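K.L.:
Chain by chain, the residues run as shown.
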Amino acid sequence: MAAPLTLVLVLAVTIRAVLFRSSLAELISERVEVVSPLNAWKRVVEGLALLDLGVSPYSGDVFHETPLIIYLFHFVVDYAEIVFMIADGITAVCLYLAVQNYNKNVFRKQKYALEADRYPHDCLELMRSPREMHYIPLKVAMFYLLNPFTILSCVAKSTCGLNNAVIALFILSTLKGSALLSAIFLALATYQSIYPLTLFAPALLFLLQRLYIPVNLCRSSFWFFTLQYAFMFVGSLVVIVCLSFFLLGSWDFIPSVYGFILSVPDLTPNIGLFWYFFAEMFEHFRFFFICVFQINIFFYTIPLSIKLKEHPVFLIFMQIAIISIFKSYPTVGDIALYMAFLPAWSHLYRFLRNIFLVSCVLLACSALFPVLWHLWIYAGSANSNFYYAITLLFNVGQILLVSDYFYAYLRREHHLSQGLYLRRKDGSEATLVLK
Amino acid sequence: DWKSNLLTSTQFFNSGHTNNWAVLVCTSRFWFNYRHVANVLSVYRSVKRLGIPDSHIVLMLADDMACNHRNPKPATVFSHKNMELNVYGDDVEVDYRGYEVTVENFLRVLTGRLPPSTPRSKRLLSDDRSNILIYLTGHGGNGFLKFQDSEEISNVELADAFEQMWQKRRYNELLFIIDTCQGASMYERFYSPNIMALASSQVGEDSLSHQPDLAIGVHLMDRYTFYLLEFLEDIHPASQANMNDLFKVCPKSQCVSTPGHRTDLFLRDPRSVLITDFFGSVRKVEITREAVNLTSAAEQPSEPLSYVDQLPVAEIIHQKPKQKDWHPPDGFILGLWTLILLVFFKTYGIKHLKHIF
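Going line by line, the protein sequences match chains A and B.
Just add 3 to wherever you are in the first sequence, counting from 1, and you've got the numbering used here.
Just add 6 to wherever you are in the second sequence, counting from 1, and you've got the numbering used here.
Hints were generated in silico from the structure; no laboratory data involved.
This one's a predicted model, so the numbers in the text were calculated from it and none came from an experiment.
All C-beta atoms in this analysis are idealised placements derived from N, C-alpha and C, irrespective of residue type, glycine included.
Hints should not be assumed to be uniformly reliable.
Below, simulated SDA-like cross-link-like pairs (lysine to any residue); rule was C-alpha separation at most 25 Å, straight line [said to hold, decoys possible]:
#1 Lys352/B to Tyr215/A
#2 Lys179/A to Ile346/B
#3 Lys352/B to Arg213/A
#4 Lys352/B to Glu128/A
#5 Lys179/A to Gly210/B
#6 Lys352/B to Gly180/A
#7 Lys179/A to Gly355/B
#8 Lys352/B to Leu240/A
#9 Lys45/A to His333/B
#10 Lys352/B to Leu200/A
#11 Lys179/A to Glu163/B
#12 Lys45/A to Leu345/B
#13 Lys352/B to Val96/A
#14 Lys352/B to Ala233/A
#15 Lys79/B to Ile216/A
#16 Lys352/B to Ile216/A
#17 Lys179/A to Gln212/A
#18 Lys254/B to Gly210/B
#19 Lys352/B to Asn104/A
#20 Lys254/B to Ala244/B
#21 Lys128/B to Lys174/B
#22 Lys352/B to Gln212/A
#23 Lys174/B to Glu163/B
#24 Lys179/A to Leu345/B
#25 Lys179/A to Trp343/B
#26 Lys112/A to Glu128/A
Restraint-style ranges between C-beta atoms, simulated for each label pair [unchecked claim]:
#27 Glu118/A to Gly341/B: 38 to 44 Å
#28 Asp133/B to Trp254/A: 43 to 49 Å
#29 Glu49/A to Leu348/B: 55 to 61 Å
#30 Glu49/A to Pro122/B: 22 to 28 Å
#31 Trp254/A to Arg274/B: 55 to 61 Å
#32 Asn388/A to Asp133/B: 45 to 51 Å
#33 Asp55/A to Arg274/B: 55 to 61 Å
#34 Asp133/B to Glu33/A: 31 to 37 Å
#35 Leu340/B to Ser224/A: 36 to 42 Å
#36 Lys310/A to Leu347/B: 40 to 46 Å
Use the sequences and the hints to build the structure in full.
P.N.:
Right under this line is the structure:
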């Protein structure tokens with residue numbers, strides 16, 4: 004499988020190189036859907052220029068990336084395009100290896116369950132075969148690399164690509180079972196934007212599952228491992244934060260990065276839900292609604308972890324999707340990351356209900372974003388309501404997509420335990436209704 | 007002899023100013039301050055006669071005397087009794103009138119910081135080759151000039167405005183004339199180069215008006231500007247009269263107050279400065295039949311221009327600090343790579359080390 008992967012990588016690099024050299028690069032790097040105040044390349048360059056002038060890059064509301072990004076780009080700013088292409092490549096390769104590993108595990112578990120005869124007899128058509136699972140990792144890598152969202156994000160040189168690379172490395176190290184590496188990459192991802200903190204729960208669940216520690220709050224082995232992992236995570240986070248302090252010699256970056264993400268002062272329109280709402284907010288209620296919106300993201304972790312206790316990888320997918328829908332400054336790069344996982348759940352196809360609707364909504368909204376932006380900003384014949392309506396619709400489409408996959412996944416699990424053709428007690432056919 | 011007529015390229019490139027501007031301000035309103043409007047209009051008339059066009063004059067009149075209902079001779083403003091000279095004429099273009107003459111607008115005109123919607127006629131569009139004449143008249147005191155009977159501009163503000171103009175290269179040379187009581191106090195705080203200032207009276211003295219007209223009922227002109235106008239009436243565009251003559255205008259015997267002037271900030275010798283350098287719009291045109299060799303190297307200026315505390319021009323204009331490249335501190339690099347190595351060896355086992363060594 005290395006050869007097709009290499010081919011896909013080469014193709015992806017070609018497309019990005021072609022776009023970098025064309026005049027579209029300038030155009031794309033200014034689109035608000037692709038870059039946000041957090042990860043715009045223009046701001047990184049601005050921050051580095053301020054640093055060369057002897058001023059802290061966090062002075063003024065320009066630069067909101069972490070000091071480690073400064074360190075990285077201080078040396079490679081001339082080769083930025085190559086760095087972002089490499090980041091995309093790393094993400095794709097990590098996702099490839101992770102999904103390959105995951106598929107092996109899934110197939111192994113399925114084999115053991117079949118041998119133990121735990122599935123009802125009419126579920127055989129739901130069984131996954133190595134033949135269908137063979138090309139899934141390649142498809143995952145392809146979905147990530149050739150997704151127009153990823154390409155746009157890479158050509159715009161948005162640091163979202165780097166964030167995706169770190170999260171992909173985290174997923175790979177979790178699926179390989181290395182607790183230390185997974186904690187370190189999770190700490191790096193959290194350090195860059197706070198929201199990957201919610202990925203702590205699925206990673207913990209996966210590692211517990213792998214070590215055969217039952218998730219039981221009374222058991223000491225559970226707490227022992229949880230504390231170990233939490234200690235590693237918090238420790239590496241503290242080390243990274245202190246290291247950033249030593250880079251620039253000041254704690255400026257904490258209000259500039261984390262304060263910025265959490266308090267959302269910049270209301271430039273993007274594809275998220277925060278900007279329009281807070282543009283109209285009275286000062287009086289602003290703090291309350293900021294708390295509500297931010298808690299919203301972290302809130303889904305606990306119910307989802309309880310429900311998807313045995314399926315932590317799907318939980319990772321759900322969490323990443325929730326982060327990229329509800330975060331304060333989402334961009335299309337975040338969406339590309341969870342969309343890359345969709346081929347891994349291609350076996351759920353028969354249970355998905357909203358494919359047509361979701362794909363139409365997502366396609367139409369992606370096409371309408373630049374149109375309505377032009378109408379609003381340049382032609383002046385629309386206003387922010389138009390753009391926000393499309394933003395809302397886009398997010399509703401994404402939520403429909405995620406919840407559809409969730410439903411399909413749970414339904415398959417249900418069928419695996421209860422049988423495919425459901426019968427009521429009196430023998431007549433029953434239908435499954437999602438309440 | 008053609009050799010003596012041959013122009014050297016240095017003379018050719020030796021430029022002083024290339025355009026002239028005038029900012030003429032009358033700051034008083036009410037009928038009994040007729041003379042201040044007449045002052046400004048007489049300077050306006052001279053300046054226009056000597057060649058500065060209306061597009062290069064910013065005329066600010068705080069009140070309208072010509073059409074004032076108390077004017078027995080409407081549409082006229084006279085400077086001499088017996089109505090010899092109507093300085094209003096039929097070709098006056100007032101840029102700021104009435105209540106638009108405020109300290110803020112005056113300072114904005116000088117510094118150029120006007121809103122984008124301001125029309126060109128209300129802007130001082132000077133550049134670094136402009137010679138600007140600034141004439142102020144009205145009621146003043148020790149260190150201030152009263153605007154419209156409700157606000158005042160101080161000599162410090164004025165000096166700072168001129169410094170802003172210098173820093174933004176909005177003038178080549180500036181001639182500042184003020185005809186108010188204690189006018190010399192207004193120029194004592196100047197600190198920018200290339201400013202020459204004249205005032206009608208010293209600190210502690212009042213500037214007096216010239217003569218009332220019994221038909222119109224008010225004093226028509228101030229003494230200093232009256233004699234200034236008389237002096238300027240003899241100037242024509244080809245005149246070679248210089249600043250030293252201007253300093254002699256209105257001696258104490260005629261003016262009762264002692265006119266003052268300040269030339270220490272001015273780089274050229276006042277004797278070499280022509281009146282028409284400021285009051286007129288004289289273009290230096292020389293007709294020649296011989297070819298001028300422009301490619302010979304121009305000589306360096308003999309000594310750098312200097313005045314008290316002058317910064318070199320490069321520092322004033324560019325103000326760019328030296329580019330020092332930022333490097334991450336060594337401790338950081340050491341710490342980071344130590345950690346990375348530690349993690350690497352923890353993950354992959356220390357036993358691999360012996361394969362390396």
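K.L.:
Hint by hint, note whether the structure agrees.
P.N.:
Results of checking the hints against the structure:
As the CA atoms of Lys352/B and Tyr215/A are separated by approximately 23 Å, the hinted pair is consistent with the 25 Å bound. A C-alpha spacing of about 19 Å is found between Lys179/A and Ile346/B, which places the hinted pair at or below 25 Å, so the restraint holds. A threshold of 25 Å between alpha carbons decides the hint, and for Lys352/B with Arg213/A the separation of about 20 Å falls inside it, so the pair holds. Between Lys352/B and Glu128/A the alpha-carbon distance is near 44 Å, which puts this suggested pair outside the 25 Å criterion.
A C-alpha spacing of about 92 Å is found between Lys179/A and Gly210/B, which places the hinted pair above 25 Å, so the restraint is violated. Under the criterion of a C-alpha separation no larger than 25 Å, the hint pairing Lys352/B with Gly180/A is consistent with the structure, at around 14 Å. For the given pair, Lys179/A sits about 16 Å from Gly355/B by alpha-carbon distance, which is consistent with the 25 Å threshold. Of the supplied pair hints, the one linking Lys352/B and Leu240/A holds, its CA atoms being roughly 18 Å apart against a limit of 25 Å.
Between Lys45/A and His333/B the CA atoms are separated by roughly 21 Å; this keeps the pair inside 25 Å, and the hint holds. Distance check on the hinted pair: Lys352/B and Leu200/A sit about 24 Å apart at the alpha-carbon level, within 25 Å; holds. For the suggested pair Lys179/A and Glu163/B, the alpha carbons sit about 72 Å apart, so the restraint of at most 25 Å is broken. As the CA atoms of Lys45/A and Leu345/B are separated by approximately 31 Å, the hinted pair breaks the 25 Å bound.
About 23 Å separates the Cα atoms of Lys352/B and Val96/A, which keeps this hinted pair within 25 Å; it holds. Restraint check for Lys352/B and Ala233/A: satisfied, since their Cα atoms lie roughly 18 Å apart, inside the 25 Å limit. Proposed proximity of Lys79/B and Ile216/A is contradicted: the alpha carbons are some 108 Å apart, above 25 Å. Only pairs whose Cα atoms come within 25 Å are accepted, and Lys352/B paired with Ile216/A is accepted, the gap being roughly 23 Å.
Between Lys179/A and Gln212/A, the direct Cα distance comes to roughly 12 Å. Compliance with the 25 Å bound is thereby established for this hinted pair. Distance restraint check for Lys254/B and Gly210/B: the Cα-Cα separation of roughly 21 Å lies within the 25 Å cut-off, and the hinted pair is therefore satisfied. With a C-alpha separation of about 22 Å, the suggested pairing of Lys352/B with Asn104/A holds against the 25 Å cut-off. At roughly 20 Å between alpha-carbon atoms, Lys254/B and Ala244/B fall within 25 Å of each other, so this suggested pair holds.
Restraint check: the Cα-Cα separation between Lys128/B and Lys174/B comes to about 19 Å, which is no more than 25 Å; the hinted pair holds. Note on Lys352/B and Gln212/A: the hinted pairing holds, with a Cα-Cα distance of about 22 Å set against a maximum of 25 Å. With a CA separation close to 16 Å, the supplied pair Lys174/B and Glu163/B stays within the 25 Å bound. Distance check on the hinted pair: Lys179/A and Leu345/B sit about 21 Å apart at the alpha-carbon level, within 25 Å; holds.
For the given pair, Lys179/A sits about 24 Å from Trp343/B by alpha-carbon distance, which is consistent with the 25 Å threshold. With a C-alpha separation of about 17 Å, the suggested pairing of Lys112/A with Glu128/A holds against the 25 Å cut-off. Glu118/A and Gly341/B have their C-beta atoms about 51 Å apart, which leaves the hinted 38 to 44 Å range violated. Separation of Asp133/B from Trp254/A is about 47 Å and conforms to the stated range, judged on CB atoms against 43 to 49 Å.
With their beta carbons about 34 Å apart, Glu49/A and Leu348/B fall outside the hinted range of 55 to 61 Å. Distance hint for Glu49/A and Pro122/B: a CB-CB separation of about 26 Å, consistent with the stated range 22 to 28 Å. As the Cβ distance of Trp254/A to Arg274/B is approximately 57 Å, the hint placing it in 55 to 61 Å holds. At about 47 Å, the beta-carbon gap between Asn388/A and Asp133/B stays in the expected band of 45 to 51 Å.
Distance hint check: the CB atoms of Asp55/A and Arg274/B are about 42 Å apart, inconsistent with the given range 55 to 61 Å. Between Asp133/B and Glu33/A the beta carbon distance is about 34 Å. The supplied range of 31 to 37 Å therefore holds. Here the CB-CB span from Leu340/B to Ser224/A is close to 38 Å, well matched to the stated 36 to 42 Å. For the hinted restraint 40 to 46 Å between Lys310/A and Leu347/B, the CB-CB distance of approximately 41 Å keeps it satisfied.
Violated hints, in rising order: 4, 5, 11, 12, 15, 27, 29, 33; the structure is consistent with all others.
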